[in-house]
Amino acid sequence: MNPIFSALQTSVFEVMSQLARETGAVNLGQGFPDDPGPEDVRRKAAEAVMTGWNQYPPMMGLPELREATAAHYKRWQGLDLDPASEIMVTSGATEAIAGALMALITPGDEVVLFEPMYDAYVPLVRRAGGIPKFVTLTPPAFGLTEAALAQAFGPKTRVVLFNNPLNPTATIFSEADLDLLAQFCVRHDAVAICDEVWEHVVFDGRRHVPMLARPGMRERTVKISSAGKIFSLTGWKVGLVMAAPRLMRVLAKAHQYITFTTPPNLQAAVAYGLGKEDSYFETMRADFQRSRDRFAAGLKALDYAVLPSVGTYFLNVDIAPLGESDDVAFCKRLVTESGVAAIPVSAFYAEGAVRTIVRFCFAKHDATLDAALDRLESRRAKAAAR
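As numbered in the numbering used here, residues 1 to 386 make up the sequence shown, in order.
Treat the hints as calculated values from the structure; they're not laboratory data.
Just so you know, not all the hints are guaranteed correct.
[Stated by the list, open to error] In silico lysine-lysine, DSS-like type, Cα no more than 30 Å apart, as pairs:
#1 Lys237 to Lys74
#2 Lys44 to Lys74
#3 Lys156 to Lys133
#4 Lys382 to Lys300
#5 Lys276 to Lys74
#6 Lys133 to Lys300
#7 Lys276 to Lys237
#8 Lys253 to Lys74
#9 Lys44 to Lys237
#10 Lys276 to Lys44
Computed from a predicted model, the values in this text were never measured in an experiment.
Make the full structure from the sequences, and use the hints.
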């Protein structure tokens, strides 16, 4: 068996979700909404199954979806993309990331990664033959520094895998951070694989700034987006990949031999959804922001140290002021004793783990969030009575 995968432990996400199922806990661990998603987009998918094409679609994706993608990103991010040569549809963003790594890495190449990070990154990099080089980000800002980048980049650097907005920290990199990273990519002739799946889930009037648009990055960036995150339909697994033709040609070869295509009815529905009025996207953000504010206020009332959240579905708390120093142990007690599931952020680090931050998902109905807060209040009351 391949040691890269056989040596992996069961992910903390599955551990916490299993505990939540066994105990009947409120699950604020895994990052998915408890809303079914926009009805009109779902209806388009259902209609396309009954009246549309259900055989293999084009390997690069339905032309209507690639054209809708180009129009969408022109409108929202000012990008000029050729639907025929610079856009590809994949079966989710994770497939897009895996394919990009396999397409761009030669065994022995170094890949710069920023921790905390999505847990799939490291095994995928290693399976592609890459050597991870970590930049450890620290709370509360989780920003970049020139010194940290200089230590990670070297003559063997070929790829940078970069997530913005950043899960699990719920932060957004500044334009200064993006330009600093772009300078290192240009200097070392590295390609940036940019996981930008949370680009529409940003708050407080912010707008996403794509790495593809930064100076020097148009020809060396792979932009990856997710219809699952854009439309809160995480089970759909429709990824959107954008890159210059020179890169796209090899990315397409990897995709061809991984999944080849993505369900055509979902592609048709996503094409429809990307053309929705601005009000849909603004309302979606406002609704998530309201949930964030509701849950943050409840946590603060319970004396949790809440860290800023400006994007994603997540809110983090610092448990050090509670006298806690082990986020894994804290989360296990939280789910078994209090009936609330959360995720220890140390699970998102490979080397320099911070062990006093815990992540909650607030993309839930008010009743779900209130039930979690009630259980946390009971926990505090019991602790005070001891």
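Structure-based check of each hint:
no.: 1; hint: Lys237 to Lys74; verdict: holds (23 Å)
no.: 2; hint: Lys44 to Lys74; verdict: holds (23 Å)
no.: 3; hint: Lys156 to Lys133; verdict: holds (10 Å)
no.: 4; hint: Lys382 to Lys300; verdict: holds (18 Å)
no.: 5; hint: Lys276 to Lys74; verdict: holds (14 Å)
no.: 6; hint: Lys133 to Lys300; verdict: violated (37 Å)
no.: 7; hint: Lys276 to Lys237; verdict: holds (19 Å)
no.: 8; hint: Lys253 to Lys74; verdict: holds (26 Å)
no.: 9; hint: Lys44 to Lys237; verdict: holds (16 Å)
no.: 10; hint: Lys276 to Lys44; verdict: holds (13 Å)
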